[in-house]
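Colleague: Spelled out, the chains give:
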Amino acid sequence: MKNLELPSEFRDGLKAIAPLSLGVTSFAVAYGLLARKAGLSLLSLTLMSLLVFAGAAQFVAISLLISGSSLLLILFTTFVVNSRYFLMGASLGPYTRKWGTKWQVLLSFLLSDESYAMTISHFTKNVPNKHYQLGVSLGLYVEWFVFTVIGGLMGSFLGDPQTFGLDFALPATFMVLLLPMIRGWRHATACILTGILSIAGFLFLPPKWYIPIATVLGTTIGGMLELWKRK
Amino acid sequence: MEAEITSLIIGMTVLTFFTRFASAIILRRVNVSEKWNALMTYVPIAVFTTIIVPALLTPREKLDVSIQNEYLIAGLISLLFAYKTKNLVGTVIIGIAVILFLRFAFGL
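So the protein lines, in turn, are chains E and A. Under the numbering used here, the residues of the first sequence are numbered 1 to 231, in order. Under the numbering used here, the residues of the second sequence are numbered 1001 to 1108, in order.
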């Protein structure tokens, strides 16, 4: 039965997500609650989690649904929110393309902010491994699914996670993951300018447009700083 | 309502997968240079800064740069803690504790 054993990298990936769980589970429960409030059936909200699997986009879609927005506007906004995946896919592309189409489809479907953060920081320190990324991604997928259902079932029994400050868990998680990625003043400059741009975008652009604009501009600033270094 | 939700789920599924898969496919045909790799180190920085900064500065969907903003205070304390310890769970718990304390003590 030796060949049925899971690769150790897969198990490493699964273990790596444990510290993220507070952020992910409370976000999933919050989505489940909100979706029920918007009038989605338990089946629909669960299907959305299983098929779309994009926390921020799902959250935005439900909020827009509550405010009575048209289907087209909701789809367009989720596309805007998700456009950051283009860049994440591009930065993982050089690794994933070695692993073939099947793996690229699977890992692309399971890509999330959290799996990206864990994978990219692991890949810069270790030999990139598809089983590691799968472990991280699949673990987060199952976690998202299970706690979405819990949020949907609990409905109003559970209070709003925001009341308990649990909505702070995800940004704090990303903060800890981001810190070691900032190496040198160029990274720091890009980080600070991106922060300023995201707030400017929040103030002056249509809702959620700051997400693609600030990520693209932030990366471009990085590119310009790198070019400057080479001269 | 149900038909609308079904089309919404299908539409979102297709669009989301497209955003995740498109650049992986495009990049298969392009040889990536060292320059490209240097550029790509800025992607996680840009992505996560864009998530973190608005979450701390615009709670309740309004810009709030003041000591009345418990998310900002908690964020700064967590940042210091994260820098010193690199402890993920500890940082998250301390931040939430600060938020709950500020709400309880000052009714923010």
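Treat the hints loosely; a few may be bogus.
Unchecked claim - Some chain A residues near chain E, calculated using beta-carbon distances under 7 Å:
| hint | residue |
| --- | --- |
| 1 | I1005 |
| 2 | G1011 |
| 3 | F1021 |
| 4 | V1043 |
| 5 | S1066 |
| 6 | I1067 |
| 7 | N1069 |
| 8 | I1073 |
| 9 | V1092 |
What the hints assert, rightly or not - SDA-like cross-link-like pairs, simulated, lysine to any residue; straight-line CA separation at most 25 Å:
| hint | chain 1 | residue 1 | chain 2 | residue 2 |
| --- | --- | --- | --- | --- |
| 10 | E | K102 | A | L1100 |
| 11 | E | K125 | A | L1027 |
| 12 | E | K229 | A | E1034 |
| 13 | A | K1062 | E | K102 |
| 14 | E | K37 | A | K1062 |
| 15 | A | K1062 | E | K229 |
| 16 | A | K1035 | E | M224 |
| 17 | A | K1086 | E | P19 |
| 18 | E | K102 | A | K1086 |
| 19 | E | K229 | E | G201 |
| 20 | E | K98 | A | K1062 |
| 21 | A | K1084 | A | L1100 |
| 22 | A | K1035 | E | S70 |
| 23 | E | K15 | E | W99 |
Said to hold, decoys possible - Computed list of chain E residues with no C-beta within reach of chain A, every gap over 10 Å:
| hint | residue |
| --- | --- |
| 24 | F10 |
| 25 | I74 |
| 26 | N82 |
| 27 | V149 |
| 28 | G155 |
| 29 | I211 |
| 30 | V216 |
| 31 | E226 |
Note that these hints are calculated values from the structure, not bench results. We put the CB at the ideal spot given by N, CA and C, even for glycine.
Colleague: Confirm or reject each hint.
Modeller: For each hint, the structure was consulted:
Hint on I1005 (chain A) holds. Least Cβ distance to chain E is approximately 5 Å, under the 7 Å limit. Against a cut-off of 7 Å between C-beta atoms, the interface hint on G1011 (chain A) holds, since the closest Cβ of chain E lies about 5 Å away. Hint on F1021 (chain A) holds. Least Cβ distance to chain E is approximately 4 Å, under the 7 Å limit. Because the beta carbon of V1043 (chain A) sits about 4 Å from the nearest beta carbon in chain E, less than 7 Å, this interface hint is met.
A hinted interface residue such as S1066 (chain A) counts as satisfied when its beta carbon comes closer than 7 Å to some beta carbon of chain E; here the least separation is about 14 Å, so the hint is violated. Interface hint at I1067 (chain A): violated, since its Cβ lies 17 Å from the closest Cβ of chain E, which is beyond the 7 Å cut-off. This hint is violated: N1069 (chain A) has a C-beta 12 Å from the nearest C-beta of chain E, more than the 7 Å allowed. A distance limit of 7 Å between C-beta atoms decides the matter here; for I1073 (chain A) the minimum to chain E is near 11 Å, and the interface restraint is violated.
The criterion of a C-beta within 7 Å of any C-beta in chain E is met by V1092 (chain A), whose closest approach is roughly 5 Å, and the hint holds. This hinted pair does not check out: K102 (chain E) and L1100 (chain A) have alpha carbons roughly 46 Å apart, beyond 25 Å. The straight-line distance between the Cα atoms of K125 (chain E) and L1027 (chain A) is roughly 23 Å, inside the 25 Å bound, and the hint therefore holds. As the CA atoms of K229 (chain E) and E1034 (chain A) are separated by approximately 14 Å, the hinted pair is consistent with the 25 Å bound.
Between K1062 (chain A) and K102 (chain E) the CA atoms are separated by roughly 43 Å; this puts the pair beyond 25 Å, and the hint is violated. About 23 Å separates the Cα atoms of K37 (chain E) and K1062 (chain A), which keeps this hinted pair within 25 Å; it holds. Only pairs whose Cα atoms come within 25 Å are accepted, and K1062 (chain A) paired with K229 (chain E) is rejected, the gap being roughly 38 Å. This hinted pair checks out: K1035 (chain A) and M224 (chain E) have alpha carbons roughly 11 Å apart, not beyond 25 Å.
Only pairs whose Cα atoms come within 25 Å are accepted, and K1086 (chain A) paired with P19 (chain E) is accepted, the gap being roughly 12 Å. Between K102 (chain E) and K1086 (chain A), the direct Cα distance comes to roughly 36 Å. Violation of the 25 Å bound is thereby established for this hinted pair. About 28 Å separates the Cα atoms of K229 (chain E) and G201 (chain E), which puts this hinted pair outside 25 Å; it is violated. For a cut-off of 25 Å, the pair hint linking K98 (chain E) to K1062 (chain A) is broken: about 44 Å separates their Cα positions.
Distance restraint check for K1084 (chain A) and L1100 (chain A): the Cα-Cα separation of roughly 22 Å lies within the 25 Å cut-off, and the hinted pair is therefore satisfied. Restraint check for K1035 (chain A) and S70 (chain E): the C-alpha separation of about 43 Å exceeds 25 Å, so the hint is violated. For a cut-off of 25 Å, the pair hint linking K15 (chain E) to W99 (chain E) stands: about 23 Å separates their Cα positions. Distance check on F10 (chain E): its Cβ is at least 20 Å (rounded) from any Cβ of chain A, clearing the 10 Å threshold; non-interface status holds.
With a minimum CB-CB distance of about 6 Å to chain A, I74 (chain E) fails to clear the 10 Å threshold, and the non-interface call is violated. Remark: the non-interface label on N82 (chain E) conflicts with the geometry, its nearest Cβ contact in chain A lying 4 Å away (cut-off 10 Å). Look at V149 (chain E): its CB is around 16 Å from the nearest CB on chain A, clear of 10 Å, so calling it non-interface holds up. With 10 Å as the threshold on Cβ separation, the claim that G155 (chain E) sits away from chain A holds: the shortest Cβ distance comes to roughly 17 Å.
For I211 (chain E), the non-interface assignment is contradicted: its Cβ lies about 6 Å from the closest Cβ of chain A, within the 10 Å cut-off. Distance to chain A contradicts V216 (chain E) as a non-interface residue, since its nearest Cβ pair spans about 8 Å, not more than 10 Å. The claim that E226 (chain E) lies off the interface is violated: its Cβ sits roughly 5 Å from the closest Cβ of chain A, which falls inside the 10 Å cut-off.
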